[in-house]
Amino acid sequence: MLMVTMSILGGLSLVSLQSIRSASSILTQGSQAQAQDAGMLFTLVSARSNASGAYVWLFNYGWTTGRITEVYLNGGMAGDWTSSCPIINPGSLCVVHLSQTTGGNLTILFGSKSLVVSL
Amino acid sequence: MITRRAAVAELYATLVVISITFSMSYVIYSELSAPRTGDRLVFLNRTSVIEGPPELVLLQVNVSKPTTLVSVQIDNISASSGILALGLNGYANSPTPCGSGLVTFFSVRTSAPAQLNLRSNGETWMGGYWSNAGAVGVGWTEVMINNASSCSVSVPGGTISTLPLSGTNESTNFRLFLPVASGTHYALLMFTGGFDKVAFSA
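Chain order of the listed sequences is A and B. Note that my numbering has the first sequence beginning at 1, numbered continuously upward. Note that my numbering has the second sequence beginning at 1, numbered continuously upward.
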């Protein structure tokens with residue numbers, strides 16, 4: 001009987017633990033996404049234009065890495081932009097270059113975050 | 001006799017332990033069971049403001065299960081009643097794909113890659129770019145026409161849809177570019193199986 005009782009207890013414990021793991025995973029995913037968004041903090045250091053194009057210096061002063069997902073110039077996608085860093089680490093600078101030199105509003109998207117620069 | 005009494009006592013004790021175990025396990029399991037959404041759709045919305053002019057909001061919706069966007073309503077103006085447009089007095093329906101002082105936004109739908117040509121006396125935006133012509137892939141390509149009194153939309157083999165949608169319309173990810181004016185606005189997105197209400201502002 002003791003063996004039967006221990007088997008039932010063990011089985012139920014496994015089911016309960018699995019349940020805890022599932023709930024914990026959902027909570028972790030949600031909180032990690034929130035933390036990721038909250039930790040992406042970018043600021044504009046400088047923006048310059050010359051004959052070779054426009055340059056924007058960004059600084060990541062947050063605590064999570066970020067990645068430039070899209071760049072828009074005056075509401076339209078800028079197809080010819082390049083970045084000096086595919087991933088912007090916390091505490092590091094990144095330069096975004098556009099071949100277009102015309103003035104306008106540049107919007108740089110980092111996932112759900114954005115930064116607007118007037119060139 | 002003593003052996004039989006001991007066996008009965010052990011049986012009763014075991015039964016008591018089992019019943020206590022079942023009761024406690026039921027209480028714990030019922031409290032800690034994983035959240036389940038069942039057949040309901042769960043939406044995760046992300047909005048990003050894109051400076052213009054015109055100022056745009058990129059609305060990205062992730063849905064828990066593949067679904068289809070059926071209708072879009074912005075500030076109680078429904079795309080089911082006509083092409084959506086943003087003017088000085090806010091959102092409205094436009095009977096034509098363009099209008100003076102309006103930013104109209106809709107999409108073209110193609111079942112095969114095609115050439116999209118937009119002719120107007122205003123500004124034209126297609127698939128994210130300020131352009132008046134280009135190749136479009138299979139699916140939905142969003143179009144905006146800014147401040148044009150006359151226009152024509154040509155996409156061989158395609159149709160115009162009043163839903164301002166990019167990509168595919170049976171998916172878990174949806175992207176909508178919406179022109180936006182000052183103040184807070186509300187978009188009501190009707191999907192098969194649920195709806196999503198999103199507040200956005202410039």
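Quick caveat, the hints were computed from the structure, so don't treat them as lab data. Here the structure is a predicted model, which is why all the values come from computation and not from measurement. Just to be clear, a hint being listed does not mean it is correct.
[Stated by the list, open to error] Cut-off 35 angstroms, straight-line C-alpha distance, at most; resulting in silico cross-link-like pairs (DSBU-like, lysine-lysine):
(1) K113/A <-> K197/B
(2) K65/B <-> K197/B
(3) K65/B <-> K113/A
Results for each hint:
A C-alpha spacing of about 20 angstroms is found between K113/A and K197/B, which places the hinted pair at or below 35 angstroms, so the restraint holds. This hinted pair checks out: K65/B and K197/B have alpha carbons roughly 17 angstroms apart, not beyond 35 angstroms. With a CA separation close to 25 angstroms, the supplied pair K65/B and K113/A stays within the 35 angstroms bound.
Going through the hint list in order, the structure satisfies each hint without exception.
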